[in-house]
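Chain L is already provided as a structure; the job is to place chains W and D on it using the hints.
Protein chains in written order, with the working numbering: chain L, 1 to 139; chain W, 1 to 139; chain D, 1 to 139.
Fair warning: there could be bad hints in the mix.
[Stated by the list, open to error] Looking from chain W toward chain L, a few residues come up when the C-beta cut is under 7 Å (computed): (1) S40; (2) L42; (3) C53; (4) T78; (5) H90; (6) A94; (7) I95; (8) A98; (9) T101; (10) S105; (11) L109; (12) S128; (13) L132.
[Stated by the list, open to error] From the derived model, a few chain D residues whose C-beta atoms are all more than 12 Å from chain L: (14) L9; (15) G15; (16) Y17; (17) E25; (18) R28; (19) T78; (20) A81; (21) S99; (22) A125.
[Stated by the list, open to error] One-sided excerpt, in silico: chain L residues whose CB lies under 7 Å from chain W: (23) Q2; (24) L109; (25) G112.
These are computed hints drawn from the structure, not numbers from a lab.
In this text, a Cβ means the ideal position worked out from N, Cα and C, and glycines have one as well.
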Amino acid sequence: MQLQRSLELRTEGRGIYELTDRVSEVVRAAGVREGLCVVSCLHTSASLVVTECADPAVRTDLQAWLERIAPEGDASYTHTAEGPDDMPAHLRAAITSASETLIISAGELALGVWQGLYLMEHRAAPHSRRVLVHVQGDL
Amino acid sequence: MQLQRSLELRTEGRGIYELTDRVSEVVRAAGVREGLCVVSCLHTSASLVVTECADPAVRTDLQAWLERIAPEGDASYTHTAEGPDDMPAHLRAAITSASETLIISAGELALGVWQGLYLMEHRAAPHSRRVLVHVQGDL
Amino acid sequence: MQLQRSLELRTEGRGIYELTDRVSEVVRAAGVREGLCVVSCLHTSASLVVTECADPAVRTDLQAWLERIAPEGDASYTHTAEGPDDMPAHLRAAITSASETLIISAGELALGVWQGLYLMEHRAAPHSRRVLVHVQGDL
Numbered sequence: 001m002q003l004q005r006s007l008e009l010r011t012e013g014r015g016i017y018e019l020t021d022r023v024s025e026v027v028r029a030a031g032v033r034e035g036l037c038v039v040s041c042l043h044t045s046a047s048l049v050v051t052e053c054a055d056p057a058v059r060t061d062l063q064a065w066l067e068r069i070a071p072e073g074d075a076s077y078t079h080t081a082e083g084p085d086d087m088p089a090h091l092r093a094a095i096t097s098a099s100e101t102l103i104i105s106a107g108e109l110a111l112g113v114w115q116g117l118y119l120m121e122h123r124a125a126p127h128s129r130r131v132l133v134h135v136q137g138d139l
Numbered sequence: 001m002q003l004q005r006s007l008e009l010r011t012e013g014r015g016i017y018e019l020t021d022r023v024s025e026v027v028r029a030a031g032v033r034e035g036l037c038v039v040s041c042l043h044t045s046a047s048l049v050v051t052e053c054a055d056p057a058v059r060t061d062l063q064a065w066l067e068r069i070a071p072e073g074d075a076s077y078t079h080t081a082e083g084p085d086d087m088p089a090h091l092r093a094a095i096t097s098a099s100e101t102l103i104i105s106a107g108e109l110a111l112g113v114w115q116g117l118y119l120m121e122h123r124a125a126p127h128s129r130r131v132l133v134h135v136q137g138d139l
Numbered sequence: 001m002q003l004q005r006s007l008e009l010r011t012e013g014r015g016i017y018e019l020t021d022r023v024s025e026v027v028r029a030a031g032v033r034e035g036l037c038v039v040s041c042l043h044t045s046a047s048l049v050v051t052e053c054a055d056p057a058v059r060t061d062l063q064a065w066l067e068r069i070a071p072e073g074d075a076s077y078t079h080t081a082e083g084p085d086d087m088p089a090h091l092r093a094a095i096t097s098a099s100e101t102l103i104i105s106a107g108e109l110a111l112g113v114w115q116g117l118y119l120m121e122h123r124a125a126p127h128s129r130r131v132l133v134h135v136q137g138d139l
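Chain L extracted, bound-state conformation (with noise of 0.2 Å):
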């Protein structure tokens, strides 16, 4: 059994947003017991990550720390055409992840106890992101 949707997400600039419940209610919706959940993000200036998500601290500091490795304006930056936010969003893109792929168990997503999903938003303004969400198992 395979069911696969495309999830739009506003976004209102740089930041971590959940995508944890938007996702498991396409895992329900397919009604798949056991299989695998695959999330893509088909951007490059945005990515994927599997976080903490009791406290919202943890988002903060990992978005701040992505800013002091791969920093914005870098002088360095050839790709610079389209402002000094975009070549560390690819950066910050690249050691983050595309896509992550989730185990179904017992009908839900088997995430940790303190583990969410998360797009990561790595342009300066507001975007439009389309996430595709592809679940396939066993009802």
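Coordinates of chains W and D only, in the frame set by chain L:
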């Protein structure tokens, strides 16, 4: 054909622990000849990585490098309630992998001759970690 | 329906090499309309990344940035027997991806308009690299 197994790993604190053999056993138990094996780490301060299996110095250097780029006790962290090793654990987990997808060929994990699958324990203290293995494919 | 193909890529040393077309050919050969495509790089000093396909300067900057954060010949490396470019190759591979999972929709890889799939050669010298492609889904 699908099979899921939950593995428990007791870590002795920060370090890199091999999982290849235990995951390979699940693949052989499933009897899948051609398919996929998804391994998921259900924690946000431990993660997975596929890296060199021959020289343990690679793992030592990888660990040391992650400690340099995401240092313990950085003054800019705001998520500090669980100790100075917790926020860097989330950062190191975010840029490695919550899950790894391996191809099964000829009844075995299709890994390169120098590749091994490892769990990274990012917390200083020993922990019990749970890893979920999902195997699917043709017998 | 499942199909596996092994691709060989001869690199000219450190750099980022496009794989999108060759992987797309495997998907079309399989005839899968809706499913998954897992691409696995069977090496520990080469890796995969999904990044911007339009402006090659993005790949140049990504390469240069990885060289800055995981520099060649760092005095702290202990795994040095295979040359000064080997340990940073493992580090750069560890924070990009050993495998990428792409969704197949309407018979094609579901990539965003700016996304391409690339192999990163992290060693200085030319190498022959093997990439395994697994396609599965409904015809």
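Each hint tested on the structure:
Given the 7 Å rule on beta carbons, the hint for W:S40 holds: about 5 Å separates it from the nearest Cβ of chain L. A least Cβ separation of about 3 Å between W:L42 and chain L falls short of the 7 Å threshold, and the interface hint therefore holds. The interface hint given for W:C53 is violated, since its Cβ lies 22 Å from the closest Cβ of chain L, which is over the 7 Å cut-off. Given hint, W:T78 at the interface with chain L, holds; its Cβ is 5 Å from that chain's nearest Cβ, closer than 7 Å.
At about 5 Å, the closest approach between the beta carbon of W:H90 and any beta carbon in chain L falls short of 7 Å, and the interface hint on this residue holds. Proximity of W:A94 to chain L holds as hinted, the smallest CB-CB distance being about 5 Å (cut-off 7 Å). Of the supplied interface hints, the one on W:I95 holds, with its beta-carbon coming within about 5 Å of a beta-carbon of chain L, less than 7 Å. Hint status for W:A98: holds, given a least beta-carbon distance of 4 Å to chain L, under 7 Å.
At its closest, the beta carbon of W:T101 sits 5 Å from a beta carbon of chain L; the interface hint therefore holds under the 7 Å criterion. With a least beta-carbon distance of about 18 Å to chain L, the hint placing W:S105 at the interface is violated under the 7 Å criterion. For W:L109, the suggested interface contact is broken, since its CB lies about 16 Å from the closest CB of chain L, more than 7 Å. This hint is violated: W:S128 has a C-beta 12 Å from the nearest C-beta of chain L, more than the 7 Å allowed.
Because the smallest distance between the Cβ of W:L132 and any Cβ of chain L comes to about 5 Å, under 7 Å, the interface hint for this residue holds. No Cβ of chain L comes within 12 Å of the Cβ of D:L9; the nearest lies about 19 Å off, and the non-interface call holds. At roughly 15 Å from the closest C-beta of chain L, the C-beta of D:G15 stays outside 12 Å, upholding its exclusion from the interface. The Cβ of D:Y17 sits about 15 Å from the closest Cβ of chain L, beyond the 12 Å cut-off, so the non-interface label holds.
D:E25, annotated as away from the interface, keeps every beta carbon of chain L farther than 12 Å; the closest lies near 20 Å. At roughly 18 Å, the least C-beta separation between D:R28 and chain L is larger than 12 Å, which holds for a residue marked as non-interface. Every C-beta of chain L lies more than 12 Å from that of D:T78, the closest at about 23 Å, which supports listing it as non-interface. The non-interface label for D:A81 is consistent with chain L: the shortest C-beta to C-beta separation is roughly 27 Å, beyond 12 Å.
Look at D:S99: its CB is around 9 Å from the nearest CB on chain L, not clear of 12 Å, so calling it non-interface is violated. Listed as a non-interface residue, D:A125 keeps its Cβ farther than 12 Å from every Cβ of chain L; the least gap is roughly 23 Å. Because the closest C-beta pair between L:Q2 and chain W is about 12 Å apart, greater than 7 Å, the hint is violated. At its closest, the beta carbon of L:L109 sits 10 Å from a beta carbon of chain W; the interface hint therefore is violated under the 7 Å criterion.
Because the closest C-beta pair between L:G112 and chain W is about 3 Å apart, less than 7 Å, the hint holds.
Taken one by one, the earlier hints fail for this structure at numbers 3, 10, 11, 12, 21, 23, 24, listed in ascending order.
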